[in-house]
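Engineer: The residues making up each chain are set out below.
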Amino acid sequence: MKNGREAGSAPSDEHHAGGLGWGGEIGGIILFALSVVFMVGGWQLGLGAPTRLGTGAFPFVTGAVLAVLSVFICIAERKGDGLAETPDWIGLVAIAAALVVFAISVERIGLVPGVFVTVIVASLPDRSLSFVGKALLGIIVALACWGIFIEVLNLPFKPFVVI
Amino acid sequence: MDILASFGNGLLVVLQPENLMYCFIGVFLGTFIGVLPGIGSMAAIAMILPITFYLDPTPALVMIAGVFYGAEYGGSTASILLNVPGTPAASITAIEGHQLAKKGRAGVALFSTATASFGGGIIGMIVIALLSPSLANLALSFAPADYFAVILLGLIAASAVSNGGALKGIAMVVTGLMLGTIGIDLTTGVTRFTMGIPELRDGVHIVIVAMGLFGVGEVIASIRGARSGQAAQTVDYTDFYPSKKEWKSLFAPILRGGAIGSFVGALPGTGQTIAAALAYAAEKRVSPQRKDFGTGVVPGVAVPEAANNSATQTAFIPTLTLGVPGSPPMAIVIGALMIYGITPGPRLLTEQPDMFWGLVASFLVGNIMLLILNVPLIGIWVRLLRIPYKYMYPTIIVLICMGVYSLNNNVFDVWLTLIIGVVGYVMRLFRFEPAPLLLGFVLGPMMEEQLRRTMLLSRGDPMVFLERPISATLLAMTALIIVFALYSSAKTRRRTLASTLASNRKEQSNEQ
Amino acid sequence: MNSKTTFAAAALAVVAISSNAALAEPGAWSDEPVRIVVTFPPGGTSDLVARLLAQHLDTDYGQKAVVDNRPGAAGTVAADYVAQQAPDGTTLILSNNAPFTISPTRFASLPYDPIDGFTHIAYIGASAPGLFVQPSSGITTLEEYVAFVNETPMTYGSSGVGSISHILGEAVDAALSVESIHVPYQGSSPAIQDFRARALDSFYDMVVQNSAMIEDGEAVALAIASPERNPQLPGVPTFREQGYDVVIENWVGLSAPAGIDPDMRAQIHETVLAVFADPEVQTKLTDLGITHVAMSSEEYEALVGELIGVWATLIEAAGIKE
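Residue numbers (the working numbering), protein chains in the order written: chain A, 1 to 163; chain E, 1 to 512; chain Z, 1 to 322.
Among the hints, a few may not be true.
Lysine-lysine pairs mimicking BS3-like chemistry, simulated, CA-CA at most 27 Å apart [what the hints assert, rightly or not]:
1. E/K103 x E/K245
2. E/K248 x E/K291
3. E/K491 x A/K79
4. E/K248 x E/K102
5. E/K244 x E/K102
6. E/K102 x E/K245
7. A/K79 x E/K248
8. E/K291 x E/K245
9. E/K291 x A/K79
10. Z/K64 x A/K79
Facing chain E, according to a computed beta carbon distance under 7 Å, are these residues of chain A, among others [said to hold, decoys possible]:
11. F58
12. T62
13. V65
14. A84
15. P87
16. D88
17. I95
18. A98
19. F102
20. V115
21. L124
22. D126
23. A135
24. L136
25. L137
26. V141
No lab work stands behind these hints: they were computed from the structure. Just so it is clear, the structure is predicted and the values come from calculations on it, not from any experiment. In this text, a Cβ means the ideal position worked out from N, Cα and C, and glycines have one as well.
Start from the sequences, fold in the hints, and give me the full structure.
Structural biologist: This is the structure we're talking about:
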């Protein structure tokens, strides 16, 4: 945790307490990379003339502005607070996996089993909940979804799909 | 007065049992469906459309309207409680609202938004009643150049929405602008940045961006605590009602928000989003509590709500009196009317006064119903927050998945949400705020469209922006705002520098 | 029963079974709810027609039906989805021109075959677009239009690049040997809005749907692109009668994945046509600007094939290929 606060820091940083103290520039670099992608793409699409803007004009210009801004952000972040916290990799993977599971299963095995598995996958990293607990939560949520989304709301989900 | 008489007549129409009942059904359905993340007014209206076929036009319209603003209110409930906004306007409510909820003051936030929505709705209704013809004429005289100017103003406001530093805020808006170019370029029909994926032809859907950046990102960021079995927020829930001072502080923002929302909402297409952004940005300038914006401030959650709700009501003006739908739900309204053989247009006021004034009066009744319906619910919502997050977050993920899937019944949207969700989490790590990005994403394509269209229509003459009075005025205002912002930030920097130098000098003199 | 009656009964039964297809009765064809996939989001004309159909299928014939909106990419997203579904009568697509007659030419490659990938079942109706100009321009005939535009090119609004109004606009330009400035919009409403704001000189859109503007004198309809004048607006001449062979209509029809049982196809056809024969439904269709024409499944399928060719010429002439 960074100690103290430098006298020159902008008032807007007052809302962010602490931080890792490093890594803020990476954000700026990522933005810069993204902006380059759009600048190149925009260039290839054709910029057109100022009074007859081409397809690529907007992506190029916004990309250029972002590129400049991201450089400034990198500079500003060097004496900034850095990353807000250490990345929660497990959480990230769990949630990502949950979404993957939902995407794969909802049309193939139906909503109810799909939601059931999604809940379990999402709650996998939770050490304080037993597997039985997770399964129970999965069943409750799956049944609730069936009731609300399919029966009441008439959304075109198939509750069960026999493989 | 003619208008009072018409309004009174409308009130009589709406107080008929049939209309009352359908108003209630609409508001009720709208609220509950709006709370479900990702499933907004569109899905709700689509759901009740078959029912409307059996009804007469007035109760049908009243019900659809009820669903519309009920869903918008439900959406803000979700934004406050879960930071999962279904619409860009709701994302602005989420800025202060969710902070309040995190501090254990969800009840305060919900009471504030209920009151603000009601106030905004009433203001919107008054504006419709008094100014419908004038606003309709105003909307009619808006050419692409004028729209461009309005949207540009909205974008400047969007940059001001950020509470984490102007540099990052503007960067986020620009990123949003940039990402908004993904999809088919409307002016030429050429696809941009779609990487050959057909589902990206129409660009990334706004709900997916909102759900991913806010919803998924938020969940990933929040489960760390839940995982290790940390107890649910042990915060003081006796902080349920706003304090007397806070109640009083609601009054002015509601007026301001309602005023801004009423006028901006009457402009087709741009309405709610720009209204909420403008209102919030303006409030940040004007509010006595401006320094605390971003930490959960009652005026900050009230003003976008008031603007949002009044814009929702005045959105009916161009829809009914001009036949121009500003948003997809309004297109449904027009479609439904056409099935009844009623063509929206200037003749609607004279040919169907009962229906029009019945609708206007139903805004009053509907907003009252919303209040009566939602205030007791606040207790339930707050109690909902006490459910340990470890049970909530898988549910939220499922709700997000379902909401996003139901957009196009396409699994691709879930994949996209996944990617954007990871991006949202990464953004949080680097302290980039999602709200300005969302705003830029929504407003960017609109701005580009209007800019290029202006050029096409004026055959390449850029002076048209200054020749049209509306765009000239708005652009001048925007320029002034930018100048003022630069000036005041320069002044602040000078002041900070001066005080730093002064304190350094003091230290030096102390050491001696 | 004696043997003669039995034989007669058996003979009748054989005759009945073999002419089953021709004698299909309107009625439910599936125990499962049917999904009517629509290529547009809720609220559009196709969507409303689909909902109208679904409602009547349910109440009049006991066939439960649900509308499934899958908008995007000129209907190709919906068409692609439906083409992959099982041909058991539970998935239908209610579409307009776009996915079957426009997209094959407009897009370099399609994930489905517009003729063989589908069973085209029922034609519902068509609406015709036309050319509208500002009343303040003083133009009331195509002659005057040509004269004006030859001096000063006009801007015209369409509902989007590759849309029917765009293709019509280009076709008219070609037929009249003039050049206009195309201004695409997202749908017709924003175009009409700019038109009313006097920023746009002219626009193309479905004529009947804009009859209120015509009657109010806010827009002048110079011509309609249907083969004959529309009975709802008899005052609007057709392009054809003014000497220009421009006939472009937006049709709406019902199709299903390829390989549907012919008997089921016939039954769906009969049921759908029965729904649209209902005078109440007809009125609603007309209000939406659609003129219903009853035709057989085979005629519809032939029409689709024919129209692909017709539209191909138009699209290539307009230069809208991808």
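Engineer: Now look at each hint and say whether the structure bears it out.
Structural biologist: Hint-by-hint comparison with the structure:
Proposed proximity of E/K103 and E/K245 is supported: the alpha carbons are some 18 Å apart, at most 27 Å. Distance restraint check for E/K248 and E/K291: the Cα-Cα separation of roughly 18 Å lies within the 27 Å cut-off, and the hinted pair is therefore satisfied. Distance check on the hinted pair: E/K491 and A/K79 sit about 22 Å apart at the alpha-carbon level, within 27 Å; holds. Restraint check: the Cα-Cα separation between E/K248 and E/K102 comes to about 23 Å, which is no more than 27 Å; the hinted pair holds.
Distance check on the hinted pair: E/K244 and E/K102 sit about 21 Å apart at the alpha-carbon level, within 27 Å; holds. Taken as a hint, the E/K102 and E/K245 pair is honoured in the structure, with Cα atoms around 21 Å apart against an allowance of 27 Å. Taking the CA atoms of A/K79 and E/K248, the gap is about 41 Å. The hint is violated against a cut of 27 Å. For the hint linking E/K291 to E/K245, the alpha-carbon distance of about 17 Å falls within 27 Å, and the restraint holds.
Distance hint between E/K291 and A/K79 is fulfilled; the C-alpha atoms sit about 23 Å from each other, no more than 27 Å. At roughly 65 Å between alpha-carbon atoms, Z/K64 and A/K79 are farther apart than 27 Å, so this suggested pair is violated. The criterion of a C-beta within 7 Å of any C-beta in chain E is met by A/F58, whose closest approach is roughly 5 Å, and the hint holds. The closest approach between the C-beta of A/T62 and any C-beta of chain E is roughly 4 Å, which is under the 7 Å cut-off, so the hint is satisfied.
The restraint placing A/V65 at the interface with chain E holds, with a minimum CB-CB distance near 5 Å, inside the 7 Å limit. A cut of 7 Å between beta carbons decides the hint on A/A84: the least distance to chain E is about 5 Å, and the hint holds. Annotation: A/P87 was flagged as interfacial toward chain E, and the flag holds, the nearest CB pair being 6 Å apart, inside 7 Å. Look at A/D88: its Cβ gets to within about 5 Å of chain E, closer than 7 Å, so that hint holds up.
At about 5 Å, the closest approach between the beta carbon of A/I95 and any beta carbon in chain E falls short of 7 Å, and the interface hint on this residue holds. A cut of 7 Å between beta carbons decides the hint on A/A98: the least distance to chain E is about 5 Å, and the hint holds. About 4 Å separates the beta-carbon of A/F102 from the nearest beta-carbon of chain E, less than 7 Å, and the hint is met. The interface hint given for A/V115 is met, as the beta carbon of that residue sits about 5 Å from the closest beta carbon of chain E, less than 7 Å.
Because the smallest distance between the Cβ of A/L124 and any Cβ of chain E comes to about 10 Å, over 7 Å, the interface hint for this residue is violated. Among the interface hints, the one on A/D126 holds; its C-beta lies about 5 Å from the nearest C-beta in chain E, closer than the 7 Å criterion. Using the Cβ-Cβ criterion of 7 Å, the hint placing A/A135 at the interface with chain E is not satisfied: the shortest such distance is roughly 12 Å. Hint status for A/L136 relative to chain E: violated, with the closest Cβ pair at about 10 Å, above 7 Å.
This hint holds: A/L137 has a C-beta 6 Å from the nearest C-beta of chain E, less than the 7 Å allowed. Interface restraint check for A/V141: the shortest CB-CB distance to chain E comes to about 5 Å, inside 7 Å, so the restraint holds.
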